[in-house]
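Given the sequences, and given the hints that come with them, work out the whole structure.
Under my numbering, the residues of the sequence shown are numbered 207 to 530, in order.
If you are wondering where the hints come from, they were derived from the structure by calculation, not from laboratory data. Incorrect hints may appear among the rest.
To be verified - Quick list of in silico lysine to aspartate or glutamate cross-link-like pairs, EDC-like style, CA-CA up to 20 Å:
1) K456 with D482
2) K456 with E474
3) K456 with E408
4) K456 with E428
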Amino acid sequence: MRGDLPTPDVAGAVEAGRLAAAAESGANEPDDEDVAFRTAAATGQAAAVVQRQGLPPGSLGGADWSGFGSVVPVLAASAGAGASVVAAVLADALQLAGRRVLLVDTADPARSGLAAAARADGPVFDGPHPAVRIRASWRAHAVLARVETSLPIVTPGMVPPPRFFAAAARSVQATIVDIGHDPWRVAAHPLAGAGAWLRVGEPVPRPLLVCRASRPSLLHAEQVLARLDAWNQTGTIVPPAQLVVLGTRKWPAGVAGAAGRRTSVLLENAVFLPHDSSVALGGITAEVTPARLRDAAIPLLQHLRLLPGPAHAAGKSFSRKVIH
Numbered sequence: 207m208r209g210d211l212p213t214p215d216v217a218g219a220v221e222a223g224r225l226a227a228a229a230e231s232g233a234n235e236p237d238d239e240d241v242a243f244r245t246a247a248a249t250g251q252a253a254a255v256v257q258r259q260g261l262p263p264g265s266l267g268g269a270d271w272s273g274f275g276s277v278v279p280v281l282a283a284s285a286g287a288g289a290s291v292v293a294a295v296l297a298d299a300l301q302l303a304g305r306r307v308l309l310v311d312t313a314d315p316a317r318s319g320l321a322a323a324a325r326a327d328g329p330v331f332d333g334p335h336p337a338v339r340i341r342a343s344w345r346a347h348a349v350l351a352r353v354e355t356s357l358p359i360v361t362p363g364m365v366p367p368p369r370f371f372a373a374a375a376r377s378v379q380a381t382i383v384d385i386g387h388d389p390w391r392v393a394a395h396p397l398a399g400a401g402a403w404l405r406v407g408e409p410v411p412r413p414l415l416v417c418r419a420s421r422p423s424l425l426h427a428e429q430v431l432a433r434l435d436a437w438n439q440t441g442t443i444v445p446p447a448q449l450v451v452l453g454t455r456k457w458p459a460g461v462a463g464a465a466g467r468r469t470s471v472l473l474e475n476a477v478f479l480p481h482d483s484s485v486a487l488g489g490i491t492a493e494v495t496p497a498r499l500r501d502a503a504i505p506l507l508q509h510l511r512l513l514p515g516p517a518h519a520a521g522k523s524f525s526r527k528v529i530h
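Below you can see the structure in the form of structure tokens.
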């Protein structure tokens, strides 16, 4: 295994080896070291090959996003905040408005919030390594592009660079990206794996940060933004400048006051997507997302200039436009 492989990929490779050994032996405490070693080595090698095919971390040039239309990466403040829900809602609202949409799912398929978002699997495109592929399926008229692997897990570094998703784009007008990995890790090194969708370029990506209406979630959002600050200072990424709050119509009493220095500037224009019992219970399925969620997202899509609508003056809040 390469000595320069990032720690999360090393840990992921070791976990893949242990899973393979357990499956081989059928025991809780497997001792099949050969299977474990071979699987760990294959996983680490795949991650190393994939990462070498992205833009170098020190590259001064930005990414070319022209084949993806408007790129909207959706980053969660923490696991379970609802980035997959927000990504699906935005994609549905856009395609119902007649826009051509690519919905990118970067998560490990076994843990993805978009795992059931398509009725049937579509064709497979070659990835940057024989063990890593991209499957393009249909979510109504939107293309859902997922990462797949023949190995036990998808480590953070095994997510193909964005250019490998171009084959599924087909002249789309907007690309919504569910950055389905640990946001704390992504923020530590956002130039590889799923975080590569935050890279500066033309047209400029418009990242969103998703949180819940709670003090802990706002704290997590602040921590993610703080980690991204260092990369923003280098001019290599575009940090989230829009907060999306899932599961409520407004801030509960005493919550907004817990915002830190970075999140506090995002509070005024925060967009609220109300609670929906069907989504809360069943997650994202192949059915269209509820109208009340899509309607609540329309002002955000207008603000991002992905849909026509009234222009929003700087500092003017549009967060009250929710469905009651």
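Practice prompt. Could you grab the alpha-carbon distance between K456 and E428 and see if it respects the 20 Å cut-off?
Written response: This hinted pair holds, its Cα atoms lying about 19 Å apart.
Worksheet item: Within 20 Å, alpha carbon to alpha carbon, are K456 and E474?
Response: The hint holds at about 11 Å.
Worksheet item: Taking 20 Å as the top limit, are the C-alpha atoms of K456 and E408 close enough?
Response: Given that 20 Å is the threshold and the Cα spacing comes to 34 Å, the pair is violated.
Worksheet item: Within 20 Å, alpha carbon to alpha carbon, are K456 and D482?
Response: holds (14 Å)
Comparing the model with each numbered hint stated earlier shows that hint 3 is the single one that does not hold.
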